[in-house]
Amino acid sequence: MNKQLTYIHQLKNHIATDVDLAGWVYNVRSSGSLVFIECRDGSGICQCVVNKEEVSVESWDAAVSLKQESSIRLHGLVVADERSLGGVELQVKSLDVIQLVTEYPITPKEHGIEFLMNRRHLWLRSQRQWAVMRVRNGIIFAIHNFFQSRGFIQTDTPIFTPNAAEGSTTLFETDFFDEKAYLAQTGQLYGEALAMAHGLIYTFGPTFRAEKSKTRRHLSEFWMIEPEMAFYDLDMNMDLAEDMLKSIVAEVLKKYTHELSLLERDTSSLERLVEKAFVRIKYDEAVELLTSEKTAKMLDELVQQRVLETQELTQEQDAIEKEHGSAKKWRKKQIEKRIIDIKNRIDQIEEDLRNIPKWKQSAQEFSWGSDFGGSDETVLTMQFDVPVMVSHWPAEIKAFYMKRDETDTYALGVDVLAPEGYGEIVGGSQREDNLEVILSRIEEEGLDPEVFDWYIDLRRFGSVPHAGFGLGLERTVAWICGLSHVRETIAFPRMMGRITP
RNA sequence: UCCUCGGUAGCUCAGUGGCAGAGCAAUCGGCUGUUAACCGAUCGGUCGUUGGUUCGAAUCCAACCCGGGGAGCCA
Numbered sequence: 102m103n104k105q106l107t108y109i110h111q112l113k114n115h116i117a118t119d120v121d122l123a124g125w126v127y128n129v130r131s132s133g134s135l136v137f138i139e140c141r142d143g144s145g146i147c148q149c150v151v152n153k154e155e156v157s158v159e160s161w162d163a164a165v166s167l168k169q170e171s172s173i174r175l176h177g178l179v180v181a182d183e184r185s186l187g188g189v190e191l192q193v194k195s196l197d198v199i200q201l202v203t204e205y206p207i208t209p210k211e212h213g214i215e216f217l218m219n220r221r222h223l224w225l226r227s228q229r230q231w232a233v234m235r236v237r238n239g240i241i242f243a244i245h246n247f248f249q250s251r252g253f254i255q256t257d258t259p260i261f262t263p264n265a266a267e268g269s270t271t272l273f274e275t276d277f278f279d280e281k282a283y284l285a286q287t288g289q290l291y292g293e294a295l296a297m298a299h300g301l302i303y304t305f306g307p308t309f310r311a312e313k314s315k316t317r318r319h320l321s322e323f324w325m326i327e328p329e330m331a332f333y334d335l336d337m338n339m340d341l342a343e344d345m346l347k348s349i350v351a352e353v354l355k356k357y358t359h360e361l362s363l364l365e366r367d368t369s370s371l372e373r374l375v376e377k378a379f380v381r382i383k384y385d386e387a388v389e390l391l392t393s394e395k396t397a398k399m400l401d402e403l404v405q406q407r408v409l410e411t412q413e414l415t416q417e418q419d420a421i422e423k424e425h426g427s428a429k430k431w432r433k434k435q436i437e438k439r440i441i442d443i444k445n446r447i448d449q450i451e452e453d454l455r456n457i458p459k460w461k462q463s464a465q466e467f468s469w470g471s472d473f474g475g476s477d478e479t480v481l482t483m484q485f486d487v488p489v490m491v492s493h494w495p496a497e498i499k500a501f502y503m504k505r506d507e508t509d510t511y512a513l514g515v516d517v518l519a520p521e522g523y524g525e526i527v528g529g530s531q532r533e534d535n536l537e538v539i540l541s542r543i544e545e546e547g548l549d550p551e552v553f554d555w556y557i558d559l560r561r562f563g564s565v566p567h568a569g570f571g572l573g574l575e576r577t578v579a580w581i582c583g584l585s586h587v588r589e590t591i592a593f594p595r596m597m598g599r600i601t602p
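Numbering (the working numbering), first residue to last: 102 to 602.
Think of the hints as simulated: they come from the structure by calculation, not from any bench.
Wrong hints could be hidden among the right ones.
Stated by the list, open to error - Pairs of lysine-lysine residues, derived as DSS-like cross-links and limited to a Cα-Cα distance of at most 25 Å, are as follows:
#	residue 1	residue 2
1	Lys355	Lys398
2	Lys194	Lys210
3	Lys210	Lys113
4	Lys313	Lys499
5	Lys113	Lys356
6	Lys356	Lys377
7	Lys395	Lys461
8	Lys444	Lys423
9	Lys438	Lys423
10	Lys383	Lys461
11	Lys355	Lys113
Given only the sequences and the hints, what does the whole structure look like? Please build it.
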């Protein structure tokens, strides 16, 4: 154990020298008197070549016996080789097995989501999951960087709370020394108290929602970042949210190119967003856009595009199916793979074709005063190539603490919708700072003023205009990584029907 | 809670009323540059569960269980 270990991500700096590696067998191939080991050590993956004629009998026997995820120590020479992934490989001089593994369940082949989720503790070792966790780390670091460099103080708010902050959502109930308590769905109200102490604060912690949601955007336990700023109005709030998202994306693009390429993320949309101003529209304008001829036409065109794509795919499938009969074995496999891809894509298109008319109907029939549904958000964001910030919502559909405009009909709230159909990643508002108004709002909502007494104190003692927002970490990770479901953005997701591992 | 699709070998799937199948994994053998290596052989089954229809059910019907996708709600 006293040998100096070299980590795989540093190997490029050690070409033509001998190093010691320790790690796990990601995959292994053998070819007579050569064994190719793909070794991962947490920092990366490196192909290690064992040549029968250049190692001891013990090392050779060990190499031949290796199976996936066996833990090993390697000593060898680092060489540049274009045939190897990453351009560097290790020519092994000796190999020790720490533990020989048999029947590791996750093979390099395809697996279903249920199988993988049941083995999440092992799945985390796979390349894609590894990349996602690293990008998540990068996003977290970028968020702290952004706020810390602007003088924000990170504060922590309680997880046990005596009541719901916003009447509507379902919370997890627990027993707190024989008293009913709930797991926090937001730290916002406490954040406001801390902002009155420190001016600029943010929280970064877990939140819990007991809704029985089964969609790609929901978790029961997720992490949220909630800045709260004294002397900020809605516009300043929106500026801050835009700067923050740009800063996060820029930092991830700069530091995580390898991970994003492992995830096959097309980064053009992310790169564009860093440079361009976000779209800012008011709720009324969004409704107008949703119900417009332009939107209807765009959706019709989308249907035509999908139909055309299906025709092209079907033609390709016919052509390669004909070729299949007389093809060589390797080509047959290639064709079979391609046909599976084509079938999946066609299934996806058929679902789109079933859905788009519904989207169109939902958009066309949208009536002022309701909240946007998932498809409405998608239809809105499809028309822009940067995030869309929707502000000035009908006051009735927003929470009691949001400040209203002069006409008392609009809440000074803002939702930030991510591009590419990722939906709402930020929700925020300017808060109501007037004592009388907030008291009457609490009454109107039928909430118990006694429960909010400490919160109301914030309006009694030095009340000032202030604002804040919440950023959903998992949705942000899903969007930046280009993942179709938030369950892969957190190490051990908690969602309806999933509490283990 | 509702809508919708699915559950067949360790994994991914094919099989729509008549002998339970393929690829991968596993096991054994071969191969000196492999890239989800390849080639040959072997092994592998409570067809989600229970009941029904039928000469005969993986296949048809009913109920239930589990999972995927979506709605509502939201980050």
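Cross-check of the supplied hints:
1. Simply put, Lys355 and Lys398 have alpha-carbon atoms about 38 Å apart, too far for the 25 Å limit, and the pair is violated.
2. In summary, the hint linking Lys194 to Lys210 is not supported, as the alpha carbons are separated by about 30 Å, beyond the 25 Å threshold.
3. For the given pair, Lys210 sits about 29 Å from Lys113 by alpha-carbon distance, which is inconsistent with the 25 Å threshold.
4. For the given pair, Lys313 sits about 21 Å from Lys499 by alpha-carbon distance, which is consistent with the 25 Å threshold.
5. For the hint linking Lys113 to Lys356, the alpha-carbon distance of about 17 Å falls within 25 Å, and the restraint holds.
6. Proposed proximity of Lys356 and Lys377 is supported: the alpha carbons are some 21 Å apart, at most 25 Å.
7. Restraint check for Lys395 and Lys461: satisfied, since their Cα atoms lie roughly 11 Å apart, inside the 25 Å limit.
8. Proximity of Lys444 to Lys423 is assessed by CA-CA distance (about 16 Å); at most 25 Å being required, the pair is judged to hold.
9. A hinted pair counts as satisfied when its Cα atoms are at most 25 Å apart, and Lys438 with Lys423 qualifies at roughly 15 Å.
10. For the given pair, Lys383 sits about 21 Å from Lys461 by alpha-carbon distance, which is consistent with the 25 Å threshold.
11. Distance hint between Lys355 and Lys113 is fulfilled; the C-alpha atoms sit about 19 Å from each other, no more than 25 Å.
Hint compliance for this structure: hints 1, 2 and 3 are not met, and every other hint is.
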